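**Q** Below are the chains, spelled out letter by letter.
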Amino acid sequence: MNKNVEYDLIIVGGGPAGAYTGKIASKLGLETLIVEKRQEIGSPVRCAEGVGKKIEEYVNVAEEALAKDVKGARIYSPSNNYIDMLEEDAGAEVGYILNRKVFDQKLVEEAIKAGADVKLKTRASEFEQTEDGIRVKLVNNGASITLESKILIGADGVESLVGKKMDIYNNLKLNEIESCAQFLMTGINGIDLDYTHFYVGNEVAPGGYAWIFPKGDKKANVGIGILPNGTDKSAYHYLKKFVEQREYLKNAKILEEIYGGVPVASPLEEAVDDNVMLVGDSARQSDPLTGGGILNAIKAGKIAGEVAKEAIESNNCKKDFLKRYDERRLEEIGQKNERNYDAKELFQKLSDEELNSLISSLEEVSFESLSVTELVSELIKTNPWLSDEIDGFID
Amino acid sequence: MIEVDSEMCGHCGACVGVCPENALDLVGYNIKVVGECISCGNCEEVCPVNAITRD
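Residue numbers (full-length UniProt numbering), protein chains in the order written: chain W, 1 to 395; chain F, 1 to 55.
Please keep in mind that the hints were generated in silico from the structure rather than gathered at the bench.
Just so it is clear, the structure is predicted and the values come from calculations on it, not from any experiment.
Honestly, I wouldn't trust all of these hints.
Here are some of the chain F residues that sit facing chain W, going by a computed Cβ distance under 10 Å [said to hold, decoys possible]: (1) Met1; (2) Gly10; (3) Gly13; (4) Gly17; (5) Val18; (6) Cys19; (7) Cys37; (8) Asn50.
Ideal Cβ positions, reconstructed from N, Cα and C, are used throughout, including at glycine.
Start from the sequences and build out the full structure, keeping to the hints where you can.
**A** Encoded structure:
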């Protein structure tokens with residue numbers, strides 16, 4: 001190894017994507033550094049904290065990291081009729097509501113136990129390709145240090161600089177991002193908090209939806225995501241209106257305010273360059289239909305960690321080799337995201353009347369799993385005109 | 001040019017993601033203008049709390 005190269009892998013970002021990539025890579029014996037610009041892992045939370053139980057195929061969700069195990073989802077039409085989806089199998093897409101701060105810290109702890117180094121309050125500001133890898137300028141507590149790594153992982157979220165500075169992609173367009181606002185509220189009364197609740201409609205949340213994700217003990221994440229190009233008003237405006245209009249939130253108080261941007265883009269064809277791979281929100285891997293990002297970030301992190309190991313072993317960290325990551329993540333995450341992107345594009349065009357009729361068409365359906373895939377498949381079966389617009393939901 | 005009201009800002013970084021010029025950065029908990037703004041208005045539109053205004 002060239003003596004100037006200090007690490008096999010420098011990972012920018014200490015969220016689930018970065019931490020899990022770091023854990024896998026360290027376990028495989030790579031010298032790994034995770035840098036996080038914030039002064040603590042997992043805070044501020046920028047997430048509704050829901051995740052499917054499939055997460056347990058990858059991560060052991062500790063008791064302290066689990067806020068609520070929900071038993072179903074209730075989906076409301078604009079006219080306030082609803083359908084219930086009950087969880088009857090383990091493949092639920094939203095089954096757990098997490099305490100993200102605890103969850104994220106546990107993931108980083110696991111990466112550390114596997115051998116990774118972690119630096120907080122450290123911002124990666126400049127990147128320069130060299131003969132052997134990438135030189136990364138880090139600003140730690142105001143002081144600059146430069147480190148060299150064979151591979152750089154951009155796990156730096158929706159605000160990713162790695163992706164843009166390495167010219168892997170341009171900015172997100174205004175139809176590729178949900179603008180989100182959320183209150184963690186306490187003292188909620190008169191709604192079943194064993195369920196998650198979803199509200200759709202152009203009045204409630206243009207281009208998105210509103211959600212109630214219970215966290216136990218009369219608490220819940222009450223949030224909203226809107227497409228910014230569909231309205232002049234802010235997500236915060238729509239959230240305030242939503243809260244005011246719900247009887248069950250009348251006496252509830254706000255414990256936390258959370259804001260965020262969630263990529264709802266079609267999958268990147270390329271998320272790699274010479275000596276660089278992108279994972280998680282920075283690679284726009286969140287599900288374009290639900291906005292859920294944790295499970296995809298973890299899946300991508302596993303693939304990225306494994307490909308990094310293979311590349312370093314083969315002494316080739318160039319793009320032609322790292323393309324393996326693209327191939328695997330497109331198969332494991334991309335195909336479904338592509339399909340869900342098409343569904344998102346379709347649902348955004350529907351009027352409230354159409355949404356009302358679609359939801360009422362499902363009133364007699366009993367669902368076998370708590371999954372968006374099943375919801376959309378049932379919608380297409382019951383309303384065949386939808387199938388012209390979106391492919392791939394019914395096998 | 002744009003102005004970010006740091007009292008209103010929710011520190012989420014959505015504006016950084018939509019900026020076509022790398023003119024914004026989420027430094028720690030603060031949104032900073034670090035490059036040349038072309039006044040495209042993307043950041044203003046995406047901001048969940050209306051903390052960004054264009055001159």
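**Q** Regarding the hint that F:Asn50 lies at the interface with chain W, is the smallest CB-CB distance below 10 Å?
**A** With a minimum Cβ separation of about 5 Å from chain W (threshold 10 Å), the hint on F:Asn50 holds.
**Q** Does the CB of F:Met1 sit less than 10 Å away from some CB of chain W?
**A** Where the cut-off is 10 Å and the nearest Cβ of chain W is about 18 Å from F:Met1, the hint is violated.
**Q** For the hint on F:Cys37, just tell me whether its beta-carbon gets within less than 10 Å of chain W.
**A** violated (13 Å)
**Q** Regarding the hint that F:Val18 lies at the interface with chain W, is the smallest CB-CB distance below 10 Å?
**A** holds (5 Å)
**Q** Report holds or violated for the interface hint on F:Gly17, using the least CB-CB distance to chain W and a cut-off of 10 Å.
**A** holds (4 Å)
**Q** If you take the shortest Cβ to Cβ gap from F:Cys19 to chain W, is it below 10 Å?
**A** holds (6 Å)
**Q** Against chain W, with CB atoms and a cut of 10 Å, does the hint on F:Gly13 hold up?
**A** Hint holds; F:Gly13 Cβ to chain W Cβ min 3 Å, cut 10 Å.
**Q** Closer than 10 Å between Cβ atoms is the bar; does F:Gly10 clear it against chain W? Give me holds or violated.
**A** holds (3 Å)
The earlier numbered hints that this structure contradicts are 1 and 7.
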